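J.: Sequences are here, hints too, so could you generate the full structure?
Those letters in the sequence shown? Residues 2 to 195, per our numbering, in order.
None of these hints come from the bench; they were simulated from the model.
Predicted model, so just to flag it, every value in this text is computed and none were measured.
Keep in mind that the hints are not guaranteed to be accurate.
[What the hints assert, rightly or not] Derived pair list, reagent style EDC-like, types lysine to aspartate or glutamate, alpha-carbon separation capped at 20 angstroms:
no., residue 1, residue 2
1, 142, 117
2, 81, 59
3, 11, 193
4, 11, 183
5, 11, 38
6, 44, 98
7, 113, 183
8, 22, 48
9, 22, 12
10, 41, 6
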Amino acid sequence: MNCLEERILKDGIVKEGNVLKVDSFLNHQMDIELFNEMGKEWKKRFEGANINKILTIEASGIGIACIAAQHFGVPVVFAKKSKSVNLEGEMYVAEVESFTHKCKNQVIVAKKFLNENDRVLIIDDFLANGCALQGLIQIVKSAGATVEGIGIAVEKGFQAGGRIIRNLGFQLESLAIVDDMDSKTGTIKFREEQ
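T.: Given below as C-alpha coordinates:
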(Lines of atoms letter the chains of each structure in order from A and count residues from 1; the text may use other names and numbers.)
(Lines give C-alpha, C1' and ligand atoms only; values in the text may rest on other atoms or scores of the structure.)
Protein backbone atom coordinates (compact mmCIF):
# COMPACT_ATOMS: atom_id res chain seq x y z
CA MET A 1 0.00 0.00 0.00
CA ASN A 2 1.34 3.42 -0.93
CA CYS A 3 1.48 6.55 1.24
CA LEU A 4 -1.59 8.12 -0.42
CA GLU A 5 -3.73 5.02 0.18
CA GLU A 6 -2.54 4.90 3.80
CA ARG A 7 -3.46 8.55 4.27
CA ILE A 8 -6.90 8.02 2.72
CA LEU A 9 -7.56 5.13 5.11
CA LYS A 10 -6.36 7.21 8.07
CA ASP A 11 -8.04 10.56 7.33
CA GLY A 12 -10.49 10.07 4.45
CA ILE A 13 -14.22 10.13 5.18
CA VAL A 14 -16.76 8.30 3.02
CA LYS A 15 -19.98 10.27 2.56
CA GLU A 16 -23.27 9.31 0.94
CA GLY A 17 -23.46 9.64 -2.84
CA ASN A 18 -20.01 8.13 -3.53
CA VAL A 19 -18.19 11.12 -2.07
CA LEU A 20 -14.73 10.61 -0.58
CA LYS A 21 -13.84 13.56 1.64
CA VAL A 22 -10.09 14.14 1.73
CA ASP A 23 -10.09 17.85 2.48
CA SER A 24 -7.84 17.54 5.55
CA PHE A 25 -4.82 16.66 3.38
CA LEU A 26 -5.57 16.81 -0.37
CA ASN A 27 -8.00 19.45 -1.56
CA HIS A 28 -8.58 22.05 1.13
CA GLN A 29 -5.75 21.75 3.62
CA MET A 30 -2.79 20.41 1.66
CA ASP A 31 -0.06 18.06 2.89
CA ILE A 32 2.94 19.25 0.88
CA GLU A 33 5.16 16.33 1.95
CA LEU A 34 2.52 13.93 0.62
CA PHE A 35 2.26 15.97 -2.61
CA ASN A 36 6.04 15.75 -2.95
CA GLU A 37 5.91 11.95 -2.71
CA MET A 38 3.12 11.93 -5.30
CA GLY A 39 5.23 14.10 -7.62
CA LYS A 40 8.18 11.70 -7.26
CA GLU A 41 5.92 8.77 -8.12
CA TRP A 42 4.51 10.45 -11.24
CA LYS A 43 8.04 11.36 -12.34
CA LYS A 44 8.93 7.67 -12.08
CA ARG A 45 5.79 6.50 -13.90
CA PHE A 46 6.26 8.98 -16.76
CA GLU A 47 10.01 8.39 -17.05
CA GLY A 48 11.10 8.90 -20.64
CA ALA A 49 8.08 11.04 -21.58
CA ASN A 50 9.11 14.35 -23.14
CA ILE A 51 6.92 16.57 -20.91
CA ASN A 52 7.40 20.34 -21.08
CA LYS A 53 4.18 21.52 -19.41
CA ILE A 54 1.70 20.39 -16.77
CA LEU A 55 -1.98 21.24 -17.20
CA THR A 56 -4.56 21.08 -14.42
CA ILE A 57 -7.94 22.56 -13.60
CA GLU A 58 -8.96 25.15 -11.05
CA ALA A 59 -8.87 24.79 -8.07
CA SER A 60 -8.06 21.51 -6.32
CA GLY A 61 -5.53 20.31 -8.87
CA ILE A 62 -3.32 23.41 -8.66
CA GLY A 63 -1.40 22.59 -5.48
CA ILE A 64 -0.73 19.00 -6.52
CA ALA A 65 0.32 20.05 -10.03
CA CYS A 66 2.71 22.72 -8.71
CA ILE A 67 4.54 20.32 -6.40
CA ALA A 68 4.64 17.65 -9.14
CA ALA A 69 6.02 20.22 -11.60
CA GLN A 70 9.13 20.65 -9.46
CA HIS A 71 10.05 17.03 -10.23
CA PHE A 72 9.62 17.60 -13.97
CA GLY A 73 11.17 21.07 -14.06
CA VAL A 74 8.28 22.48 -16.09
CA PRO A 75 5.65 25.23 -15.69
CA VAL A 76 2.04 24.61 -14.69
CA VAL A 77 -0.93 25.99 -16.59
CA PHE A 78 -4.35 25.75 -15.02
CA ALA A 79 -7.70 25.94 -16.74
CA LYS A 80 -9.78 28.68 -15.16
CA LYS A 81 -13.44 28.10 -14.42
CA SER A 82 -14.47 31.68 -15.04
CA LYS A 83 -13.31 34.51 -17.24
CA SER A 84 -11.83 37.41 -15.30
CA VAL A 85 -10.92 40.93 -16.33
CA ASN A 86 -7.22 40.12 -16.44
CA LEU A 87 -7.68 37.32 -19.01
CA GLU A 88 -6.92 38.72 -22.42
CA GLY A 89 -6.36 37.49 -25.92
CA GLU A 90 -7.66 34.34 -27.54
CA MET A 91 -8.78 31.41 -25.40
CA TYR A 92 -9.30 27.69 -25.62
CA VAL A 93 -12.64 26.81 -24.04
CA ALA A 94 -14.20 23.48 -23.06
CA GLU A 95 -17.32 22.63 -21.11
CA VAL A 96 -16.88 20.26 -18.16
CA GLU A 97 -19.28 18.79 -15.65
CA SER A 98 -18.18 18.47 -12.01
CA PHE A 99 -19.15 15.28 -10.17
CA THR A 100 -18.58 16.94 -6.78
CA HIS A 101 -20.29 20.25 -7.48
CA LYS A 102 -23.06 18.85 -9.74
CA CYS A 103 -22.72 21.67 -12.25
CA LYS A 104 -21.28 22.45 -15.66
CA ASN A 105 -18.50 24.99 -16.12
CA GLN A 106 -16.66 26.37 -19.06
CA VAL A 107 -12.93 26.05 -18.49
CA ILE A 108 -10.58 28.48 -20.16
CA VAL A 109 -6.88 28.48 -21.06
CA ALA A 110 -5.25 31.44 -22.77
CA LYS A 111 -3.84 30.40 -26.15
CA LYS A 112 -0.51 32.07 -25.35
CA PHE A 113 0.17 29.41 -22.69
CA LEU A 114 -0.47 26.29 -24.78
CA ASN A 115 0.66 25.60 -28.35
CA GLU A 116 1.52 22.85 -30.84
CA ASN A 117 5.03 22.45 -29.40
CA ASP A 118 3.75 21.50 -25.96
CA ARG A 119 3.92 17.94 -24.65
CA VAL A 120 1.52 17.99 -21.74
CA LEU A 121 1.08 15.99 -18.56
CA ILE A 122 -2.42 16.51 -17.17
CA ILE A 123 -2.63 16.32 -13.35
CA ASP A 124 -5.77 16.37 -11.21
CA ASP A 125 -6.88 15.37 -7.73
CA PHE A 126 -9.89 13.16 -8.56
CA LEU A 127 -11.21 11.10 -11.45
CA ALA A 128 -14.85 10.01 -11.25
CA ASN A 129 -16.75 10.18 -14.55
CA GLY A 130 -13.92 11.71 -16.56
CA CYS A 131 -15.71 14.89 -17.66
CA ALA A 132 -13.03 17.30 -16.42
CA LEU A 133 -10.28 15.23 -18.03
CA GLN A 134 -12.12 15.08 -21.33
CA GLY A 135 -12.40 18.87 -21.26
CA LEU A 136 -8.68 19.26 -20.59
CA ILE A 137 -7.84 16.76 -23.35
CA GLN A 138 -10.06 18.76 -25.72
CA ILE A 139 -8.16 21.95 -24.83
CA VAL A 140 -4.78 20.27 -25.44
CA LYS A 141 -5.99 18.95 -28.80
CA SER A 142 -7.40 22.38 -29.75
CA ALA A 143 -3.92 23.80 -29.14
CA GLY A 144 -2.38 21.19 -31.42
CA ALA A 145 -0.36 20.00 -28.40
CA THR A 146 0.18 16.39 -27.31
CA VAL A 147 -1.11 14.70 -24.17
CA GLU A 148 1.92 12.73 -22.94
CA GLY A 149 0.02 11.29 -19.98
CA ILE A 150 -2.45 11.86 -17.19
CA GLY A 151 -1.69 11.70 -13.47
CA ILE A 152 -4.56 11.38 -11.00
CA ALA A 153 -4.28 11.34 -7.22
CA VAL A 154 -7.52 9.42 -6.49
CA GLU A 155 -9.52 7.50 -9.07
CA LYS A 156 -12.95 6.16 -8.26
CA GLY A 157 -12.51 2.84 -10.03
CA PHE A 158 -16.18 1.95 -9.65
CA GLN A 159 -17.15 4.92 -11.86
CA ALA A 160 -16.63 5.06 -15.62
CA GLY A 161 -14.02 7.80 -15.96
CA GLY A 162 -10.86 5.68 -15.74
CA ARG A 163 -12.15 3.13 -18.24
CA ILE A 164 -13.23 5.88 -20.66
CA ILE A 165 -9.87 7.67 -20.54
CA ARG A 166 -7.83 4.45 -20.85
CA ASN A 167 -10.02 3.36 -23.79
CA LEU A 168 -9.07 6.62 -25.52
CA GLY A 169 -5.48 5.34 -25.45
CA PHE A 170 -3.94 7.65 -22.86
CA GLN A 171 -1.41 6.58 -20.25
CA LEU A 172 -3.40 7.17 -17.09
CA GLU A 173 -1.52 6.81 -13.81
CA SER A 174 -3.75 6.98 -10.73
CA LEU A 175 -1.90 6.79 -7.43
CA ALA A 176 -4.89 5.40 -5.51
CA ILE A 177 -7.78 3.59 -7.18
CA VAL A 178 -10.81 3.14 -4.94
CA ASP A 179 -12.78 0.10 -6.11
CA ASP A 180 -15.42 0.27 -3.40
CA MET A 181 -16.42 2.42 -0.46
CA ASP A 182 -19.30 2.31 1.97
CA SER A 183 -20.66 5.40 3.71
CA LYS A 184 -22.43 3.31 6.38
CA THR A 185 -19.31 1.44 7.51
CA GLY A 186 -16.71 3.96 6.36
CA THR A 187 -14.77 1.20 4.61
CA ILE A 188 -12.63 1.87 1.55
CA LYS A 189 -11.29 -0.88 -0.73
CA PHE A 190 -8.40 -0.12 -3.07
CA ARG A 191 -7.62 -1.88 -6.34
CA GLU A 192 -4.69 -4.25 -6.09
CA GLU A 193 -1.72 -3.14 -8.18
CA GLN A 194 -1.51 -4.86 -11.56
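J.: Give a verdict on every hint.
T.: Status of the hints after comparison with the structure:
no.: 1; hint: 142 / 117; result: holds (9 angstroms)
no.: 2; hint: 81 / 59; result: holds (5 angstroms)
no.: 3; hint: 11 / 193; result: holds (18 angstroms)
no.: 4; hint: 11 / 183; result: holds (15 angstroms)
no.: 5; hint: 11 / 38; result: holds (17 angstroms)
no.: 6; hint: 44 / 98; result: violated (28 angstroms)
no.: 7; hint: 113 / 183; result: violated (45 angstroms)
no.: 8; hint: 22 / 48; result: violated (31 angstroms)
no.: 9; hint: 22 / 12; result: holds (9 angstroms)
no.: 10; hint: 41 / 6; result: holds (16 angstroms)
The structure shown violates the earlier hints numbered 6, 7, 8.
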